[in-house]
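**Student:** Each chain, letter by letter, is given below.
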Amino acid sequence: MKDLISSKRLNFNEIDLIFWLADHYRKTRNSTFTFDNKCKILTTLFYEPSTRTSASFQSAMLSLGGSIIPINEVNYSSVSKGETLEDTIRTIGCYSDIIALRHPDEDSSERAVAVSSVPIINAGSGAGEHPTQALLDLYTIKQRFGKINGLTVTFFGDNKYSRTVASLANLLEKYNVRINWVGHPSLSPPKVIGEIDGVYEHLDKSLADTDVVYVTRAQVERHPSSVGREKTHFPTSFLEYAKEDMIIMHPFPRVDELSVEVDKDPRAWYFKQIQNGLYIRKAILTILLIGFEECYTNYSSTMKGFL
Amino acid sequence: MKDLISSKRLNFNEIDLIFWLADHYRKTRNSTFTFDNKCKILTTLFYEPSTRTSASFQSAMLSLGGSIIPINEVNYSSVSKGETLEDTIRTIGCYSDIIALRHPDEDSSERAVAVSSVPIINAGSGAGEHPTQALLDLYTIKQRFGKINGLTVTFFGDNKYSRTVASLANLLEKYNVRINWVGHPSLSPPKVIGEIDGVYEHLDKSLADTDVVYVTRAQVERHPSSVGREKTHFPTSFLEYAKEDMIIMHPFPRVDELSVEVDKDPRAWYFKQIQNGLYIRKAILTILLIGFEECYTNYSSTMKGFL
Amino acid sequence: MKDLISSKRLNFNEIDLIFWLADHYRKTRNSTFTFDNKCKILTTLFYEPSTRTSASFQSAMLSLGGSIIPINEVNYSSVSKGETLEDTIRTIGCYSDIIALRHPDEDSSERAVAVSSVPIINAGSGAGEHPTQALLDLYTIKQRFGKINGLTVTFFGDNKYSRTVASLANLLEKYNVRINWVGHPSLSPPKVIGEIDGVYEHLDKSLADTDVVYVTRAQVERHPSSVGREKTHFPTSFLEYAKEDMIIMHPFPRVDELSVEVDKDPRAWYFKQIQNGLYIRKAILTILLIGFEECYTNYSSTMKGFL
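Residue numbers (the numbering used here), protein chains in the order written: chain F, 47 to 353; chain S, 47 to 353; chain B, 47 to 353.
It should be emphasised that the hints constitute simulated quantities derived from the structure, not laboratory data. Among these hints, one or two may not hold up.
Since copy identity is lost for identical chains, a pair holds within one copy or between any two.
[Said to hold, decoys possible] Capping the alpha-carbon separation at 30 Å, the derived lysine-lysine pairs in DSS-like fashion look like this:
#1 K220 / K48
#2 K310 / K54
#3 K48 / K310
#4 K310 / K220
When you get a sec, could you build the whole thing from the sequences and use the hints?
**Tutor:** Dropping the structure here:
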């Protein structure tokens, strides 16, 4: 684990270490972990809009005692002069110790890793992957249920163009989980994602045994003109049928597919997701900057003082 | 004092503490106050353009030993995907310890406070309020005259659409101050602001007894089409009539309403305002991060070493 | 040396000190130099697009233990309200200890220095100068050859509108160097630059004795409509004739004037330039923040512990 490109390639040892470190950061929120070299720099290199994810990475790095170089403004960067992603990565690698990359191309992180001298974290690659989101989603599910195996997870909304759906499904595939896909046929998941357990058009009583409903915004910015935004709306009435201990998740931002009325329901766990994003990203930065082996096999001495 | 939303709601105890801390930071410019928890993070969440105010907040936080997450690029943030202010505040509150918010809506800070888990500082809310500017203005007046009561303050320029005017007038109302409003009738203050002592169309000899002339730029970005920019221009000749110990203030940026010729006049105090902005914002950040009670009642032990 | 405005005005003492500090930072990459006052703030005030240069300055300041205020978004700053450069510099000078300025006007740095209370570094002034780039270029040449005198340097590409060419030529003029200018006649250097040793239209066998080929991108954003972008393309075949120990340089970003095929050639030294940018900028920040005299005459005690 030198980089974090895809949730697909993570193994259980890696997931365990990430979750264990995230637990630590969640429980000792104000603890400051200081890298041996205090001047570690994270560059958030974002070619696509983001508030949440870039702020989350920046907060994680700063609260670990590191520094940040925020590059959010593609129009003002040399990419507007026509530079390739590869050249930009080579450059930024000279000026930082780790890079979080958001880019519209699905193969962007692969291409970055091929030329980079420092670790790359995929912070969203087009309609492809968003592995840190998938990890915080899985972590949130585990926080709620204490396990992953045996659960039923229902994806509702834009299952075709949402990279958060793709990335989380990739992770869930590693577990014994039943998955339901619910949404308009034009937003059905591509076959490559996971094992399709059930495909439905409506989120109704028939799916009342679900443990997790994962709602997504219509990714209109990636839709061909034939797909309409109006097709996604979480039916609040579903909560009457749903189990008492189930949870509703959403990767945010939300637009109008999930009413604020739902916020009051204790089953609404999407604000916990946002908070967990900080802990998961602190864990990932720690592992990639210190080294997986160092963290995993020798943590008692390496991280003494904060564990 | 958990947040700073409006200058109207500040009481004398709060103003005194802010000014006393600002004095400290002004007199010991290079002193570094380190928060107990070094990783405090300020997010500057700016939905409207700003160099001065965002840089001032960032400088204040950095020189207090804290960190910053700068979000200035609304077009690149998830707000462009249609997220509500409330959801953005909830999110950013997970990733920072305090938020400075600039937003075009007058009720934006109120709405933010209603959902925020961390303190909110209003860094400019449409044509409404700009309380940190009002505090630094009042502080500058007090620095010059050693008092507020008994002074005559003349607002000249855009008294209708300028939030700095509104916020300062709200503060001055708490004191025994005579206020003159000077400007084109289309830029007269709305009645809600302060007690109107005198309304004039021209800044001339008849107002020579003023202690402070507060010049403002025509807020053209907020003007209806019927209001013209050309109507505001500080008459340099006024300086011939004005008192020797009066001061000229301006919240900046200036365009052409105040000539650079005036800069040489020792009565030009607008660059002192800019410098004081740093001290006032350091004071406010200190109080909101440590807590007003802690600062006010127990400062000798809480802040020992820097007071 | 209170500011860094132009490579023309640097003397050998200054260049020597900068290179000597850069050597130090290059050889002890992970050493952290902490300013006596830890809260020194660099503002990168960029009115023109940049990834490389702004990230390089930010990385340099952060790895020196300082802090940064990044202002890259001119459209979101008060300059969009019509503020003059002078007023912006006066303001930012209140909020930071040093300013790196990129601006489209050739006289921008001069104007900034005239009103600034803190040191100004010219980070690119229109088609004029880019002295930190020139210094890192010269430093890279010296790293390769151990000397400057006696070398032959061939500028290839846009020798008219490229400020990196102008700035490096200004520096090379101080040495005993033969310069060739190669490119389309419409991109020939203005006469003011250096001593013209040879002007050629094509980079071919006749120039095989060159030690350095300095390739530049067509600065299309500064071209009048009569100049075409297609006129610049490094002929890879030239490498067959070129000396074994020569080097190819490029200030980057590159578009299509320099093929990625060249990257594999050991004579490609442009990635070393990028890396050296960090060390040179750390050196310059150190000198301007600590003071040249202090660094030069008394470094053994001033910088004890890292030298």
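**Student:** With identical chains treated as interchangeable, where does the CA-CA distance between K220 and K48 reach 30 Å or less: within a copy, between copies, both, or neither?
**Tutor:** within (21 Å within a copy, 46 Å between copies)
**Student:** Indicate which option fits the pair K310, K54 if close means a Cα-Cα distance not exceeding 30 Å: within, between, both or neither.
**Tutor:** This pair counts as neither: shortest intra-copy Cα distance 34 Å, inter-copy 32 Å.
**Student:** Up to 30 Å between alpha-carbons, please classify K48 paired with K310: within, between, both or neither.
**Tutor:** Close across copies (24 Å), not inside one copy (41 Å); limit 30 Å.
**Student:** Checking an output row: K310 and K220, CA cutoff 30 Å. Within, between, both or neither?
**Tutor:** neither (33 Å within a copy, 40 Å between copies)
The structure fails to meet hints 2 and 4 from the earlier list, while all remaining hints are met.
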